[in-house]
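Single-letter residue listing:
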Amino acid sequence: MTTRPVTRRNAVLGITAAAAVLARPSILRAQSTARVVVVGGGFGGATCARALKRAQADLQVILIEPNAVFTSCPFSNEVIAGLRDIEVQQFGYDGLAAGGVTVIGQAVTTIEPQRRSVMTTEGVALPYDRLVLSPGIDFHFEALPGYDEAASDKMPHAWKAGTQTLLLRKQLEAMADGGVVAIAIPANPSRCPPAPYERASLIAHYLKTRKPRSKVLILDAKDSFSQQRLFERAWKELYGDMIERVALSQGGRVTSVDASTGTIITEFGNYTPDVANVIPAQRAGHIAEIAGATDATGWCPIDPVTFESKLTPNIHVIGDACLGGGIPKSASAAGAQGKACASAIVNLIAGRAPETPRLTGICYNTVAPGYGFSLAGNYQPRGDIFAEVEGGATSPVDAPRELRAREAAEAERWFQTITADTFG
Amino acid sequence: MAALINVPAKARRGDIIEIRTLTSHIMETGFRHTADGALVPRDIITSFTCRYNGAEIFRADLFPAIAANPYLSFFTVAKESGKFEFAWIGDNGYTSTASAPITVE
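Residue numbers (the numbering used here), protein chains in the order written: chain P, 1 to 424; chain C, 1 to 105.
There's no promise every hint is true.
Now the in silico label distances, taken between C-beta atoms and shown as ranges [to be verified]:
{"no.": "1", "chain 1": "P", "residue 1": "P400", "chain 2": "C", "residue 2": "F75", "range": "36 to 42 Å"}
{"no.": "2", "chain 1": "P", "residue 1": "D177", "chain 2": "C", "residue 2": "V40", "range": "46 to 52 Å"}
{"no.": "3", "chain 1": "P", "residue 1": "A376", "chain 2": "C", "residue 2": "K83", "range": "51 to 57 Å"}
{"no.": "4", "chain 1": "C", "residue 1": "D36", "chain 2": "P", "residue 2": "N347", "range": "48 to 54 Å"}
It should be emphasised that the hints constitute simulated quantities derived from the structure, not laboratory data. Beta carbons: idealized from backbone N, C-alpha and C, even for Gly.
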């Protein structure tokens with residue numbers, strides 16, 4: 001495991017300085033250089049902000065992000081399984097500030113696309129030439145009766161990393177041997193499609209080593225899933241029959257929950273597990289809706305060449321929130337989109353035609369310490385979405401354990417690289 | 001796998017109740033060819049019926065466009081205690097049955 005230090009120091013200092021300057025927006029507006037405001041400091045937004053500044057040093061780049069510390073979802077399943085400390089998952093915005101990005105530690109309340117202006121919680125109005133939204137996901141609570149913010153305190157989703165991650169870990173630690181841990185998985189589109197299965201694997205690892213009479217029960221709204229053969233092979237190899245999966249066609253779709261009794265209700269049965277990890281259906285983060293960038297699906301249709309919203313001009317949407325087609329909602333894809341979007345914006349501001357992006361996304365799954373596999377894909381615009389193109393690769397189903405060990409080590413290096421690339 | 005049935009165990013007389021069924025079946029359309037060009041013969045469920053204490057209350061005819069593992073959900077009025085009986089009939093002599101009790105108070 002890595003011992004990378006936490007980088008949340010001095011984040012507050014940078015924000016205070018930025019807010020003092022921004023309290024006089026009229027002065028900033030008078031400046032001649034173009035201004036890009038990025039909302040959301042996750043893998044998509046932070047990468048985009050840095051890439052913008054790198055591509056054009058005189059561009060004013062402002063990142064608006066209410067949290068001083070970002071907690072990474074990738075590798076958070078290892079935190080749940082007790083294999084990793086959450087501090088290793090946390091990153092501040094000093095690196096961005098040092099690179100010339102103005103970081104504002106506030107939330108966005110309103111967006112006025114006509115006036116090209118963003119308003120923050122503290123009443124700061126920020127005019128922009130181009131706005132980038134990287135709001136990630138929010139939960140579609142209406143789609144799962146009985147589940148809401150309050151229910152998530154009892155039946156954690158742990159689908160946004162942080163306190164929820166730690167809550168699920170605590171529940172696992174408190175569970176007696178012989179218990180059942182249920183994981184309710186929604187249909188796609190969903191953030192990081194293989195992650196629920198990685199989670200099932202790592203929870204099984206925790207149970208096998210600490211509470212070997214326990215079980216993992218997957219209640220799934222899907223019949224097939226990403227890298228299914230690799231997962232199923234690994235489960236058989238490592239965990240025997242510890243993991244039971246009820247697929248969609250076996251009645252696995254969860255239709256409602258009752259948090260007061262800890263019951264998960266599927267189309268054909270009721271379950272009262274000892275620990276209930278309920279992952280609800282998702283949609284684009286709330287900010288995208290405020291901007292008028294979401295359609296009836298709850299996600300944001302974009303022009304895949306520029307990431308500009310199809311619904312509202314001068315606003316670009318990247319990361320999990322956009323309707324990406326074949327490109328998965330992953331940290332790796334969000335980072336790639338952030339860079340491509342930055343390049344498109346720099347060209348658009350200069351009056352040049354944007355280049356057609358060719359994105360690469362990679363996804364590592366760790367199913368036990370020293371046992372990993374991966375999926376890499378290349379994506380290019382086709383019509384309104386991204387389509388997967390040639391050159392992708394998935395780990396072989398039949399492979400020696402040395403390869404799995406090598407991929408587990410690669411996964412850790414990938415995490416170091418992408419977080420350094422994103423946060424500096 | 002046997003069919004999955006979801007009928008409320010109890011209901012009040014006059015209640016509108018939902019019944020759900022799901023049966024595992026490949027629903028091969030009969031339009032596909034193998035790699036060497038041979039037609040994959042049709043193999044689908046063609047008919048589904050539900051009886052409530054002997055009287056038919058729901059019937060569906062299924063066609064090649066219906067996806068694998070047909071899921072059917074419908075509503076009826078709870079009139080009396082008794083039994084729901086379900087039957088699926090299909091190509092190649094396929095038959096499958098299931099039943100579920102209900103108590104009406």
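Does 46 to 52 Å hold as the CB distance between P:D177 and C:V40, or does it fail?
-> Distance hint for P:D177, C:V40 holds at roughly 49 Å.
Range hint 36 to 42 Å (beta carbons of P:P400 and C:F75) holds or violated = Violated: the Cβ-Cβ distance is about 55 Å, outside 36 to 42 Å.
Is 51 to 57 Å right for how far apart the beta carbons of P:A376 and C:K83 are?
-> holds (55 Å)
Using the C-beta atoms of C:D36 and P:N347, is the stated range 48 to 54 Å upheld?
-> holds (51 Å)
Violated hint for the displayed structure: number 1, the only one.
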